[in-house]
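Below are the chains, spelled out letter by letter.
Protein chains: 2
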Amino acid sequence: MSKVLIQAMVLPMTGPDRFYPQGEICIEDDRIISVGELGSAPAGFVPDRVLDLPNDVVMPGLINTHTHAAMTLLRGYADDLPLMPWLNEKVWPFEDKLTDEDIYWGTALALCEMIRSGTTTMLDMYASMDQVAEVVLKAGTRAVLARGLIGNGPNGNRALQESIDLVQRYHGAGAGRVNVMFGPHAPYTCSAEYLRKVKVEADRLGVGIHIHVAETQDEIKILQDQYGKTPVQWLDELGLFGGHVVAAHCVHLTPEDMEILARKHVCVAHNAESNMKLNSGTAPIIELRAQGVVVSLGTDGASSNNNLDLFGEMRSAAFQQKLCKGSTVLPAYEVLEMATVAGAQTLGLEDVGMLAPGFKADLITIDMDQPHFYPRFSIPAHLVYVAHAGDVRTVMVDGKLLMEERKLLTMDVSKVCQEAETRAKRISAELMDK
Amino acid sequence: MSKVLIQAMVLPMTGPDRFYPQGEICIEDDRIISVGELGSAPAGFVPDRVLDLPNDVVMPGLINTHTHAAMTLLRGYADDLPLMPWLNEKVWPFEDKLTDEDIYWGTALALCEMIRSGTTTMLDMYASMDQVAEVVLKAGTRAVLARGLIGNGPNGNRALQESIDLVQRYHGAGAGRVNVMFGPHAPYTCSAEYLRKVKVEADRLGVGIHIHVAETQDEIKILQDQYGKTPVQWLDELGLFGGHVVAAHCVHLTPEDMEILARKHVCVAHNAESNMKLNSGTAPIIELRAQGVVVSLGTDGASSNNNLDLFGEMRSAAFQQKLCKGSTVLPAYEVLEMATVAGAQTLGLEDVGMLAPGFKADLITIDMDQPHFYPRFSIPAHLVYVAHAGDVRTVMVDGKLLMEERKLLTMDVSKVCQEAETRAKRISAELMDK
Numbered sequence: 001m002s003k004v005l006i007q008a009m010v011l012p013m014t015g016p017d018r019f020y021p022q023g024e025i026c027i028e029d030d031r032i033i034s035v036g037e038l039g040s041a042p043a044g045f046v047p048d049r050v051l052d053l054p055n056d057v058v059m060p061g062l063i064n065t066h067t068h069a070a071m072t073l074l075r076g077y078a079d080d081l082p083l084m085p086w087l088n089e090k091v092w093p094f095e096d097k098l099t100d101e102d103i104y105w106g107t108a109l110a111l112c113e114m115i116r117s118g119t120t121t122m123l124d125m126y127a128s129m130d131q132v133a134e135v136v137l138k139a140g141t142r143a144v145l146a147r148g149l150i151g152n153g154p155n156g157n158r159a160l161q162e163s164i165d166l167v168q169r170y171h172g173a174g175a176g177r178v179n180v181m182f183g184p185h186a187p188y189t190c191s192a193e194y195l196r197k198v199k200v201e202a203d204r205l206g207v208g209i210h211i212h213v214a215e216t217q218d219e220i221k222i223l224q225d226q227y228g229k230t231p232v233q234w235l236d237e238l239g240l241f242g243g244h245v246v247a248a249h250c251v252h253l254t255p256e257d258m259e260i261l262a263r264k265h266v267c268v269a270h271n272a273e274s275n276m277k278l279n280s281g282t283a284p285i286i287e288l289r290a291q292g293v294v295v296s297l298g299t300d301g302a303s304s305n306n307n308l309d310l311f312g313e314m315r316s317a318a319f320q321q322k323l324c325k326g327s328t329v330l331p332a333y334e335v336l337e338m339a340t341v342a343g344a345q346t347l348g349l350e351d352v353g354m355l356a357p358g359f360k361a362d363l364i365t366i367d368m369d370q371p372h373f374y375p376r377f378s379i380p381a382h383l384v385y386v387a388h389a390g391d392v393r394t395v396m397v398d399g400k401l402l403m404e405e406r407k408l409l410t411m412d413v414s415k416v417c418q419e420a421e422t423r424a425k426r427i428s429a430e431l432m433d434k
Numbered sequence: 001m002s003k004v005l006i007q008a009m010v011l012p013m014t015g016p017d018r019f020y021p022q023g024e025i026c027i028e029d030d031r032i033i034s035v036g037e038l039g040s041a042p043a044g045f046v047p048d049r050v051l052d053l054p055n056d057v058v059m060p061g062l063i064n065t066h067t068h069a070a071m072t073l074l075r076g077y078a079d080d081l082p083l084m085p086w087l088n089e090k091v092w093p094f095e096d097k098l099t100d101e102d103i104y105w106g107t108a109l110a111l112c113e114m115i116r117s118g119t120t121t122m123l124d125m126y127a128s129m130d131q132v133a134e135v136v137l138k139a140g141t142r143a144v145l146a147r148g149l150i151g152n153g154p155n156g157n158r159a160l161q162e163s164i165d166l167v168q169r170y171h172g173a174g175a176g177r178v179n180v181m182f183g184p185h186a187p188y189t190c191s192a193e194y195l196r197k198v199k200v201e202a203d204r205l206g207v208g209i210h211i212h213v214a215e216t217q218d219e220i221k222i223l224q225d226q227y228g229k230t231p232v233q234w235l236d237e238l239g240l241f242g243g244h245v246v247a248a249h250c251v252h253l254t255p256e257d258m259e260i261l262a263r264k265h266v267c268v269a270h271n272a273e274s275n276m277k278l279n280s281g282t283a284p285i286i287e288l289r290a291q292g293v294v295v296s297l298g299t300d301g302a303s304s305n306n307n308l309d310l311f312g313e314m315r316s317a318a319f320q321q322k323l324c325k326g327s328t329v330l331p332a333y334e335v336l337e338m339a340t341v342a343g344a345q346t347l348g349l350e351d352v353g354m355l356a357p358g359f360k361a362d363l364i365t366i367d368m369d370q371p372h373f374y375p376r377f378s379i380p381a382h383l384v385y386v387a388h389a390g391d392v393r394t395v396m397v398d399g400k401l402l403m404e405e406r407k408l409l410t411m412d413v414s415k416v417c418q419e420a421e422t423r424a425k426r427i428s429a430e431l432m433d434k
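Going down the list, the protein sequences come from chains A and B.
The first sequence: position 130 = 130 (the UniProt record's numbering), numbered continuously.
The second sequence: position 329 = 329 (the UniProt record's numbering), numbered continuously.
Simulated from the structure, these hints should not be mistaken for lab results.
Being a predicted model, the structure only gives us computed values, none of them experimental.
Hints are supplied without guarantee of correctness; some may be wrong.
Intra- or inter-copy, both count: the list cannot distinguish identical chains.
As the list claims (entries may be wrong) - Subject to a maximum C-alpha distance of 20 Å in a straight line, what follows is the list of computed EDC-like cross-link-like pairs (lysine to aspartate or glutamate):
| id | residue 1 | residue 2 |
| --- | --- | --- |
| 1 | 407 | 367 |
| 2 | 425 | 369 |
| 3 | 97 | 17 |
| 4 | 325 | 203 |
| 5 | 197 | 100 |
| 6 | 415 | 101 |
| 7 | 3 | 89 |
| 8 | 90 | 404 |
| 9 | 407 | 369 |
| 10 | 415 | 369 |
| 11 | 325 | 236 |
| 12 | 197 | 405 |
| 13 | 3 | 259 |
| 14 | 229 | 419 |
Given the sequences, and given the hints that come with them, work out the whole structure.
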């Protein structure tokens, strides 16, 4: 039995008025057993370990609901290009060269960065997902893994089988830290028949579906030309919605699309920085939330962003919506909800995203004793509009410390950085030789 | 005589192809004497001090060309409000309560934050500028100071006299680290007569003018109603342009406005995050630069942003323009130029903004040995799209170290934070009692 007591400012994310300027959290093994003011620990609770951090805010770990973790290997490899040359000439040739081991180390790099920036859970869509699962298990984070499925490609059926195997091998692994979804890439890269097959398998195995939807105007045009419908209408008509679906991007939506997403309880992973940097557009987040759609935050891959920092993503999501919709939309606390509570809802995780008794001990502390966090008028505003990745001091997942005083405890950072550097440079050299 | 040798990756900002992966910089007293590959130090150069930082990038210190430093005291005091209630009900009543001492400590807080985020020079527009000058001299940074002039207010003439006194007392102070400009607030808060008077005094004393221009649609409407002109046309007609003028914001411009700004060599301080958060709009940065206008970056005050971090500002400026104008505009190196070379041009400082022999030793180092900076494909892309304020390790201004290993050497950070906290809370309590 391991018992930890954290004494800090507590922002439990259980409601906008809930904040304990001098608070404490009791943790037993993997779960939170109490949250409240200093002195609120249950009688008889004798901690093995006390984290006394009166100038830190403790809050739920951040949840990244759309990324391609191993694309860290492409970070800075190609920027400032038009979308299609960027993909055709840079991203795809590079990805073609990735081995299983490359993906292991690229994901390891992503997890180091995520832990250091306060992200405790990710929804990852990529390939070689056994390697991804293994490195997540080693790193100690929480993850939902989706094997990316390009149904129209030569490996569509093999990838679908890999997804089925992945569910059988890793769904619920690591005492529930790892879960699996199906990851059909997008409505324009998967045929109707393929998508129906994915849906049948997902339902049979009782897991969700993660898919890119309505990311660019090009996609809208392709679907219009091919099916005479919007991506959302088309997926709805195919019967893909209805179960647990996480739709990434959703930038270009009609009012009818939004109504479908709301009615079918599709969750949306919003990727503000990727959408801005790649000129994809401004997703109608305010409108979706007004209709009751659960909207959470993703970073997308590090080649389109170029980091995996959800603090930056919160800030950018707020700024983009305020620029386009007005200064009063998306107040700070709501943005924090998107990165925590709504992230958990999006991933179907019922016991993370908040600090409350019975919830998993997935939490982070942020060092507020720095000039940029004074004066302390509003902790939510500071976290959204001021905080940086580097302000995270402590990270705990499932009751286990993954970072203390900014030192990673489960990963050999310098080996991970060197492996990533060597592998990325090997691939770029191979591509230059061609 | 003090001689410092810095061995690091060197990004001198003297041209897009100039980068020394293993480089060194020699500094004698306040000036750089050589920049090049390892081993390029002049014969006979024997340093008193060597900074051996092979995994850091050394680059010019960042230059913030529009801020209201002491508004750190209002950080997080009011957010997510419409512009006019935010100003009328929150910002202005708070500012009315500020004493000279409050402004001293608010500016001290700003300077601690700026140094820690790699900013070595600011253009500050505020009140109690003697206090501001004193704390800049103590902190060791470089600054151009403009007493904000609300010509239409009751203190217009007194403030103008304070500006004149400020020039006489502080222009060129601290061996040239402090300079002064006149700061008429905006064309809608200063009459024609007042602006003409400011121009006469600025010309007489040989200093520049800093003014807000075309920040919001409201301002455009006010000027149109009052004078039948755009702000730029009106200021041009008044004769305000022609000398050294720094125009902040410039969000809403006509093609004719842009042509005037270019022809009159007006420099523009762009404030992407403030413009997004307050829903002011998207400044036509690409168009201005295409016409040859010097465009640099400002953070605006911490109450509208809510920090003074130019790394975040670079990122946001790039993202905002890419969102609105296309993914290929403002490539990373150009954004870095805006924050360095163009910043120096904007402030009329001829020997900062680049690392080159004869230039002032105003420089920063960034710790690139962290997961988010691997792999190392593009240092400029990493600095703009990935870096955070917390990645800055070393700051030097005028050849003097102001921060080493993230420890501030000229400021008592904990006293500054406590003074700021106490003073800000005193004012908010007074306002609540009313």
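Cross-check of the supplied hints:
no. : hint      : in the structure
1   : 407 - 367 : both (14 Å within a copy, 15 Å between copies)
2   : 425 - 369 : between (39 Å within a copy, 16 Å between copies)
3   : 97 - 17   : neither (51 Å within a copy, 28 Å between copies)
4   : 325 - 203 : neither (38 Å within a copy, 43 Å between copies)
5   : 197 - 100 : neither (26 Å within a copy, 71 Å between copies)
6   : 415 - 101 : within (14 Å within a copy, 50 Å between copies)
7   : 3 - 89    : neither (53 Å within a copy, 48 Å between copies)
8   : 90 - 404  : neither (37 Å within a copy, 39 Å between copies)
9   : 407 - 369 : both (18 Å within a copy, 14 Å between copies)
10  : 415 - 369 : between (31 Å within a copy, 12 Å between copies)
11  : 325 - 236 : neither (28 Å within a copy, 33 Å between copies)
12  : 197 - 405 : neither (48 Å within a copy, 56 Å between copies)
13  : 3 - 259   : neither (46 Å within a copy, 68 Å between copies)
14  : 229 - 419 : neither (45 Å within a copy, 61 Å between copies)
Going down the numbered hints, you'll see the structure goes against 3, 4, 5, 7, 8, 11, 12, 13 and 14, while the others check out.
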